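Keeping their order, the protein sequence lines are chains A and B. Taking my numbering, the leading residue of the first sequence gets -1, the next gets one more, and so forth. Taking my numbering, the leading residue of the second sequence gets 18, the next gets one more, and so forth.
By construction, these hints were calculated from the structure, which means they are not laboratory data. Nothing here was measured: the structure is a model prediction, and the numbers come from that model. Ideal Cβ placement from N, Cα and C applies to all residues, glycine included. Among these hints, one or two may not hold up.
Stated by the list, open to error - One-sided excerpt, in silico: chain A residues whose CB lies under 7 Å from chain B: (1) Glu239; (2) Ala240; (3) Ala241; (4) Thr244; (5) Glu291.
As the list claims (entries may be wrong) - Take a look, some chain A residues computed to stay more than 12 Å from chain B by CB distance: (6) Ala57; (7) Ala231; (8) Phe253; (9) Pro263.
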Amino acid sequence: MTTPTGATTDGDTSRPGSTSDLADNASADAPADPGFRGLSPGKLMWRRFLRDRTGVVSACVVLFFVLVAILAPVISMIYGKDPQTHYGQNDPTLLTDSGLPVAPNGGMSGDFWFGLEPGLGRDVMMQLVYGIRTSLIIAVATSLLTTVIGVALGIAAGYLGGKADFFIGRVIDVLMSFPSQIFLIATMPVVTSLLVTPGEKIPEWLPFVAVTIVLSLLGWMGLARILRGTALALREREFIEAAKVTGAGPMRIIFKEILPNLWTPILVQATLALPAFVTAEAGLSYLGVGVSEPVPDWGRMIAGAADYLRTDVTFLLFPGIAMVIFVLAFNLLGDSVRDAFDPKANR
Amino acid sequence: MSSRKSRLAAAIMVAGALTVTTACSSGHSNESAKTGASKAPVTATTISVGTAEDSKGPAIAEPGAKKGGTVNMIDRDDFSHLDPAMVYMNYNAEVSLLFTRQLTGYKTAADGSQKLVGDLATDTGSTTDGGKTWKFTLKDGVKWQDGTPITSADIKYSIERTYASFVKGGPTYIQSWISGDKYREAYAGPYDGKGLDAITTPDDKTVVIAFQDAHPDANFTLAMTGYGVVSKAHDTKEEYDKKPFSSGPYQITEHVNDRSLDLERNPNWDGATDPIRNAYPDKWHMTFGVQAQQSTERFMADNGDDKNAFSFHNQVHTTYIDKVKADEKLKSRTLEGLTPYVDYYYINNTRIKDQKVREALVKAFPHQQTRQLQGGTSYGDYATSYMSPTVLGYESYDPFDVLKKPQGDTEAAKKLLTDANALNTTIVYAYNNTPVQQKVTEAIRTNLEAAGFKFVPHPLDSKTYYDAIQQVNNEFDLYWGGWGADWPTGYTSLQPVWDGRAIADGGQNYAHVNDPEINAAMDAAVKIADPVAQGKAWAAIDKKLQDKAYSIPDVYQRSLSLYGSGLGGVKFDTLAGLQSPLNIYVK
C-alpha cells in the first residue's frame, strides 16, 4: 500500500521557521490519531475553539453586536426612529416640565422600546444601536493601529538588539510610567485643537480620529514588550541562523522567518485589547473628553444617566447592561481565542 | 452683580459603584407641562426708601423664633472673599450680612416687601443738591467686636481703603464717582498716610461724601457689602480677606479654606441699633465642597446634623426637581423665588450687523427646549425684557412674541432670513463644555438649522469661558451670559452691559452694543432724581434694546432650594437670589 504521508512531512521541513513550533505542539496534543496529522495549526485551533462552549456563545454575542452596528440604519428604518430627533421636546406629552419621561419605566412604550432620554427626549434604543458603531469603530481602529505599532517596534527591538533595543525599550518604559487616564484627559483637547481650526465646524469624523490617536499613543507598549521578548528568543534559533547563512537580509528574516511565529501572541493580544479599548473610549466620554454630541456614545450616556440614578433608573439600566454584556463577551472571546491558540498556557 | 456662575461649574464626575435594585421606576407627573403655558405673569417687586423711624432697631421679629443652638450651612464653594472691599458676588455678600455692616441696608417686612434703611446710619442719608453730596449720621451704640465704637473716621477709612492696589474685584462705583474712571491714579489708598479730601468728617458721628456728578441713588450703592465698614486698628490688608473684624452680630472663630467657617456671637453687637439682622442662633457652622446633587439628597433624607442645615446657594439638582415638587412632606421646607439674574444669549453685534439676521435669531431661539433641559419652570420665567422684574421700573414688552411661541418660530425666522438674503449665515455658538450645555447646544442647533442658519458649535473650557467671551475680538456670534443688578434700579441693571462706551476686553458689554441713541438715553436717565420717573426712563431704554434685537433675553432666573426640618425662619432673599440667614432659628 502506498501512503502519501511523506509529502506532508516534507512540507513541514521545507519551511523550518514558519510553523514547526505550532506543529510540534499540535502533534503533542493529538499524537495517537493518524487522521489528525494532516491538519494545519489553524484548523486545529478552530476545532479546539469550537469545543469551548463559552467561546462560541461569546463569539455569537460579539457577532450580534457587530451586526447591529453594521445594520444600524436598517434597524432605524424598520423601527421608525432615528438617534438625532428630540422626540420628547417636540411632543410635550412625553416629558415633564423638568425633562423627565412622563410614562413609567423611563418612558418605555410601544413607540419607544427602551424609553426616552431625559432632557432632549431622544430614543434610547437608537442611541444604543448607533452607540455600538462609535465604540466599535474606535476600538477596532485603535486595536489595528496599536497592533501595527506594537509589532513593528517590538520585533525591531528584539531582532536588532543593541542600541535600537535600548532606545525602544526606554521609550516603552517612559510611556508605561505615564498615568494613562490622566494623560488621556490632558491630551484629548490638545489633539482636537491641533486638528481643527477655530471658528469652523468640527467635522463628524474628527472626534473618532482624535480618540483613536490618543488611545493608540498609550496602547501599544504591552504587545511590543511581549513581541520583543519572543523575537529575542527566536533570534538565536537555528532556522534564523540558517537564513542568515543563506544570505537573507534583515527585512526578509523579520517578515518571513520571525513574524509567522508570532501570530499567536499578536492575535491573542489584539482580541484582548479590543474590549479594553471599548471601556477606555467609554471612560473618556464619561469624563467628558471623548466623542461629543450629537454622535451617540455609550460612555456619555452612562455619565448622563448617573445623574438620574434615583429618579429614572431605566435610563441607566439599558446602556449599563449593554456595556457589561458587550465587554464581557469580548473578554471571554479573547480568553477562548488564547486557549485555542495556545492550549498549554492556561491548563 | 456677578453671579456664582453655577452653570459654569465643572461637573465633577464621581465614578461610583452602581447597585441597581429594581428595573422599574415610577412615572412622573406632567401637570406643570400642561399648565406651564398659562403661568401667572411675573409681578414686579418694588423697593421703597425707608424713613429714620424704619431705620431704628431691632429688626422685625420672626414669629415663634427662639434664641440658641447651632445652625449648619452646606454649600459647594468656600466664600471667595470676606474682606468687604473685595466682596461683589452675591454669595459672599450674603454671609457678610452676619459680620459686616454698611451705612445702609435692606430691611425685609413680614410680607416680603423690602425697604432701604439706615444700617450704621440713622437714616438713608440726605442730599441737598440732587445727589452730588451725601450726608450720613451714625447711630449711637454701634460697636466693633472689641467694644470700641464705630466712628465716622472708620467709614472714611473704609472707602479710602477701596483705592488700595491689593483690592481687586470689588465694586468701583463710589471710587469712580469721587475720583473719575482712573481713580487709582488720583489716589493710592490710606496706607501712606494721605486721606481722601472728598470725604469729610465734621464730627465723630457725621460723614459727608462729595461726588463729581449727581448720583441720586448713591444710598443704594452704599448698601453693597463692598462699602462695608473696615476697622483701621485691625486692618491686616491682604490678610483681612480671610478673617475680617466684625461689626455685625457674629464674629469669625475659625476659617479653614475650602473646608469650613465657624461663627460665634459678637457680644458687643447691640440688636437695638440694627433694623436688619435678627441673630437667633448662638453659632454657625458652615462646610463646603458639597455638590448640588449631594445636598439635595441630604436635605431630602433630613438626617442628624442636616436637620439644622440650610444652604446659601446650592439649589435642588435638576434631576430631583419633579421629585421635590411632588413630595408633600418637603413642601414646608422648600423655597422658590425669583433671583435678580436675567439670562441672555448675547449676539455679538460686531459680527452680526444686520438687524434682520438678529431678529431671525431672536425669533428662532428655542426658549422652551433649553429651559426644559435646565429644570423647566423652576429654572426661570421666559424673559420679555432686559431688566429683571426685581428692578424698579420693570415693564414687560415682548415685541417678538416669545411668550406665545417659547419653542421658537423657525418659519418666521426663515422668512426674515430669506427677506434679508442671508440664508445660511454662519452662527458660531460658543458654549461651556459640560454635559448639560452640550444638550442645550443640541436644542439650539436643531432650531437654528431649521431656520436656515449654518450652525457651528464651539465648546469652551469651563474655567476660561468668561475670559474667552469677554474678548472684544472673539470669533463667536452667540453666547450665554447672566447679569443681575447691583441694587434694584435700572442703572446697574442696564448700564454696565449695554453702554457702548464700556466695550473693553474683560468688560461686561458682551454683545458689543454701541448705539449713540442708547448711550445718550442712559446718561439722561441717571440724572433723573425721581425714582419712578427714572424707572420709566430705563424701561424705555429696555424697549429700544428689544426693538433693535441686540440680544436674546432668555429667562428671569428662579431658584428652588431646600433646607432641614429643624430650622425655622429660612427665607428667600430676592435681592441676592439666595437663602437669607437673617431670620433663621433652631426650632
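Exercise. Can you give the numbers of the hints that this structure goes against, from lowest to highest?
Worked result: 1, 2, 3, 4
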